[in-house]
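Novice: Take a look at the letters that make up each chain.
Number of protein chains: 2
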Amino acid sequence: MRTQQNVPLSAVRVEDGFWSNIQTLVRDVVLPYQADILEDKSVVTEKSHAVENFRIAAREAEGEFQGMVFQDSDVAKWLEAASYALALQPDEALNAHIDEIIRLIDKAQQADGYVNTYFTVKAPDKKWTNLRDNHELYCLGHMIEAGVAHTLATNKHNLLDIVCRAADMVCRRFGPGKTRGVPGHEEIELALLRLYRVTGKQDYLDTARYFIEERGKQPSFFEEERARHAYDLRATNEEYHQSHLPVREQTEAVGHSVRAMYLYAAMADLSAETGDASLYEACRALLDNILESKMYVTGGLGSTFHGEAFTPAYDLPNDTAYAETCASIGMCFFARRMLEIKPEGRVADLLERQLFNNILAGIQLDGTRFFYVNPLEVIPSISGAAPAHKHVQPQRPGWHACACCPPNLSRLILSLGRYAWGSGDRTIYAHLWLGGSAQFSVAGRVDVACESQYPWNGAVCYTISPAMEGARFCLAIHLPSCCRNAYWLLNGEVFEPDMKDGYAYIDRAWHKGDTVKIISELPVLRLYSNLAVPRNAGLTCLQRGPVIFCLEECDNSAPLAALRLPPDAEIGVEKIHDGALKGMTALTWEGVREISDTGLYSERHPIAYPAKVKAIPYFAWGNREAGEMRVWVRE
Amino acid sequence: MRTQQNVPLSAVRVEDGFWSNIQTLVRDVVLPYQADILEDKSVVTEKSHAVENFRIAAREAEGEFQGMVFQDSDVAKWLEAASYALALQPDEALNAHIDEIIRLIDKAQQADGYVNTYFTVKAPDKKWTNLRDNHELYCLGHMIEAGVAHTLATNKHNLLDIVCRAADMVCRRFGPGKTRGVPGHEEIELALLRLYRVTGKQDYLDTARYFIEERGKQPSFFEEERARHAYDLRATNEEYHQSHLPVREQTEAVGHSVRAMYLYAAMADLSAETGDASLYEACRALLDNILESKMYVTGGLGSTFHGEAFTPAYDLPNDTAYAETCASIGMCFFARRMLEIKPEGRVADLLERQLFNNILAGIQLDGTRFFYVNPLEVIPSISGAAPAHKHVQPQRPGWHACACCPPNLSRLILSLGRYAWGSGDRTIYAHLWLGGSAQFSVAGRVDVACESQYPWNGAVCYTISPAMEGARFCLAIHLPSCCRNAYWLLNGEVFEPDMKDGYAYIDRAWHKGDTVKIISELPVLRLYSNLAVPRNAGLTCLQRGPVIFCLEECDNSAPLAALRLPPDAEIGVEKIHDGALKGMTALTWEGVREISDTGLYSERHPIAYPAKVKAIPYFAWGNREAGEMRVWVRE
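Note that the protein sequences, when read in sequence, are chains A and B.
Counting in the working numbering, the final residue of the first sequence is number 676, and the numbers go up one at a time with none missing.
Counting in the working numbering, the final residue of the second sequence is number 676, and the numbers go up one at a time with none missing.
The hints are simulated quantities; they were obtained by calculation from the structure and are not laboratory data.
Since we're looking at a predicted model, the values are computed, not measured.
Hints are not guaranteed to be accurate.
As the list claims (entries may be wrong) - To give an idea of the interface, some chain B residues facing chain A are shown, with a C-beta separation under 8 Å as derived from the structure:
| # | residue |
| --- | --- |
| 1 | 326 |
| 2 | 356 |
| 3 | 428 |
| 4 | 429 |
| 5 | 565 |
| 6 | 566 |
| 7 | 572 |
| 8 | 575 |
| 9 | 600 |
| 10 | 602 |
| 11 | 647 |
| 12 | 650 |
As the list claims (entries may be wrong) - Far from chain A, some chain B residues (derived; all Cβ distances over 10 Å):
| # | residue |
| --- | --- |
| 13 | 58 |
| 14 | 133 |
| 15 | 406 |
| 16 | 653 |
In this text, a Cβ means the ideal position worked out from N, Cα and C, and glycines have one as well.
Work out the full structure: start from the sequences and follow the hints.
Specialist: Dropping the structure here:
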């Protein structure tokens, strides 16, 4: 069912003045910053202890395990991200740094392949006793992903061997006719599928399928497990773990949003791998459900702090949003796998919505602070202060006790090339307009260069250089739905490509230096919510290109709720020339500021005054003085 | 400092076709309904066991204590309410029923005066060990209020003697030079002040003052107490208990809203009693703070479920509001005491806002279901379902595990006469337009009759009948701020009364049958929130007379957020002729319904269609089919 493969990262170069800068930031600033934290060389909140746990498990240090039960996953995600950095650019020091950590992991691994410092150091007798809460398979999944990324980047097998031994142990233990088990936090499933693809070992595919298909079956595995604990564990909220129904019967996105995304990504991957149509249909139903009723306009997923979870349809409060950075990252995993099965413009648009908004908002422009929660409305006296808003921080903290998001950002951003391109039998897919270049094997080697100033500019140029002159193959380019009045030029001549589901398919004999240019407008779009979302009635949200805009107090003044955008206001597009947001685009208009009576309630209608209003990209909020922020603007 | 006394309930008759109907409902339906629940003759959720606990404590039954640690207070509040019912109208059966419960309490009382079934039956060794959490003084306070109400209604002393013995024990135990103590839930303070007024015993005043003044002093009593428990109790949230500062230094309403109201009521009462100006100033500052930034337009107090508490200024979410019925009842206690010190129109208006809106919404029109939480916006698929909305029920339940609100409603409604009238040295105060009659002793006996169809009609007529022809005294009548273009007529002649702070002062020699008539309009008012309340920007709320209106789905259709009230729409006032709301006033207008695209987000502006819209009194919502409800309407 899969129409295309990932392009190896080493075959992709990002050079667009946007993502390339962010990749450089992640490589040069974020990875070392995160390594220092994981190795306790720098302490932001409390010691991470994550690498020290491995050192203790390897018997190279004395001490007790410290941190979350899933602390190992921080190391694994960093290793995966660092491996992507190596794939992008050789770096001997980083290579050696990675190898040293792998050496510790190797020494910490037990004879049967088991590797998890919490259980090795702290609770050896509790292994595999609580799959629901204890994240053993989750941590291992992340280690497997790191092993796969590392071997693809370096051709070395030192981490891959470790994770294969661990995966083999899991395959020996769990499956039909073996021990029953379902992980509380999905991750092992998609990891085993990745490992299957680099090793070809059927056991990995089978065990991934087992974990996916066993989930939600009756009787509940989690309640069986709980009974073994004499019910000392709290009762299972099956929806939280997406185990309320067998996965093929799930049609509504529920529960912990990151877990949901990791599961759906694995379901899509399995259906791609095996051609399982009913599993793919479940994925489509879940995706539709999210797109139709459960996603913030910024891409944010999960409306509530309670269980970091999805809530009922259309419950999308802006000020108490959860919209975890990791959930949006997980959505990229899911969307990419859906695109590999069937290229669809709406799914590529979704990928853009995630990347340019909720995900990028997760990281400070200087690379050293991170949002876990991404609200769409912040009022400093309330956000972080009122009990229902305690999780909503008005500024990015330097680290988090539960540090899942920062290394997740690193691994996603450094592997962006895998999301931009796809390689089919005879088709090259450009899912994202990502400036730089990529190499493919379709009708022989083909080099594709891409010039782009996206997201600020709607022009893009692809230059195709087949090794074989006149090779016939298809180039499929996604036209983002935010681009309007697009002209397509083939070698400078206007043409009408075959469009299908938001992709242009250009199937021809290609010659070295052939160009496909798209010149489109990126008008400012006013978006309106479905009126079933009660909070957004009467409000509009501005988007230009894939970028959602917001108001900040430092450009306007508080309260931002007092500002109105007249229906007929012309919205100017301006380049920002200085300050932290230099080079970005801002929107400005002649709007209205209302001023109300001083009392709490008044019969006097607020009085309207003209006011110049400025909006900036949502992803860049919180990079200047602290203050109010607001995405949805009164019209 | 006090300018006036309460009027004895037996001197007041309510006959206005509005409150008189509600009093009848409470007497004939609610009191028996509640008695059956307290005596386990009917079970709505789980057994109340409240009277049975007394029976066990009195050794007339076997068994264990069941219910909340403050279960006794349900019985006390019912006794207080039933005593008010007796004051309004003799009832031998009720009288006997009350006496039987008093007999049990008497038998349950211990030799030293201690009376609390939780500690007598379940935890005798834990008495007085945890004043912060265990509600001993709270329960006793309610019993004292019942004792005072009972003796005033019946002239009997059987309950008064019990509570005096208990109060004496408290006075012996706590105070300067005795054991240090501050109650976690305020109530004993205002109760001891009431007891002081009927008994004249100085100890009660002194101990009330002690509890008020000791609160918030350093070192923290609650933390001292916690240290005695080897810190096994959770740390104290001093704001939750209003113990973060000495009471005279408090200027912001914080913490549990019911506790706050009971404390402020006691502070006002004490300052009235003793002429303590600094305490009165603190009361004014706290009242101002609430009126300026912390009250829903319905009178609701406390924005959050978490700690049932006040939150930062202007944080007034409509859909996750807490706005506990008891907090509004507590505000009536506070407001009445403030009015007794200084009659002010805004305080009398506040009393009306509470009574006609958040309080009355607490009780189903049939008297058998009750709201604890009073939201200003309900969407059934979200309210009660989404985690942040779990506390928001779209329909009134029959009872509550924490059953504080239902009997609190009974005692307030049956004692309404005490809020309507005040009796000064030579002035009769009419704080509320409450149809019926009242007797006063100013310049001899004076009978005042009041004809009113408030809140539906802005005309009221007071007929004054002094026993002494030509007696000189002053009649002070509050002119509600919702009344406009008022004409004042004295014996049919238009006159201009001396107005001060919202009260008309009519000082003259009165003759039997003199009438003061006020003919005013009750226009439909559009209220606007301060723009610092982010949720209400662009919205308006309709008020007519003291009644706030809301939209319900059964009159309009969902989503209610799709409805707009045009700025120039004429709003019709209609009488409802049938159904559950028969006799009430509805508002109707030709408005606009927007219909949005089917997707979650769209570039297309929702399309506007004309729509007939109907609003009903907020207090009557939830009495027909379940559905959406909304107070703040888009303009």
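Novice: For each hint, tell me whether it holds in the structure or not.
Specialist: Right, here's what the structure says about each hint:
1. 326: violated, 16 Å
2. 356: At 5 Å from the nearest chain A Cβ, residue 356/B passes the 8 Å test, so the hint holds.
3. 428: holds, 3 Å
4. 429: holds, 6 Å
5. 565: Residue 565/B check fails; min Cβ-Cβ to chain A is 11 Å, beyond 8 Å.
6. 566: holds, 5 Å
7. 572: Given a least distance of 4 Å, the restraint on residue 572/B holds.
8. 575: Holds. Min distance 4 Å.
9. 600: Given a least distance of 5 Å, the restraint on residue 600/B holds.
10. 602: holds, 4 Å
11. 647: Status holds, d = 6 Å.
12. 650: violated, 12 Å
13. 58: holds, 28 Å
14. 133: For residue 133/B, whose nearest Cβ neighbour in chain A is about 48 Å away, the distance exceeds 10 Å, so it holds.
15. 406: At roughly 26 Å from the nearest Cβ of chain A, residue 406/B sits farther out than 10 Å, so the non-interface label holds.
16. 653: holds, 18 Å
Comparing the model with each numbered hint stated earlier shows that hints 1, 5, 12 do not hold.
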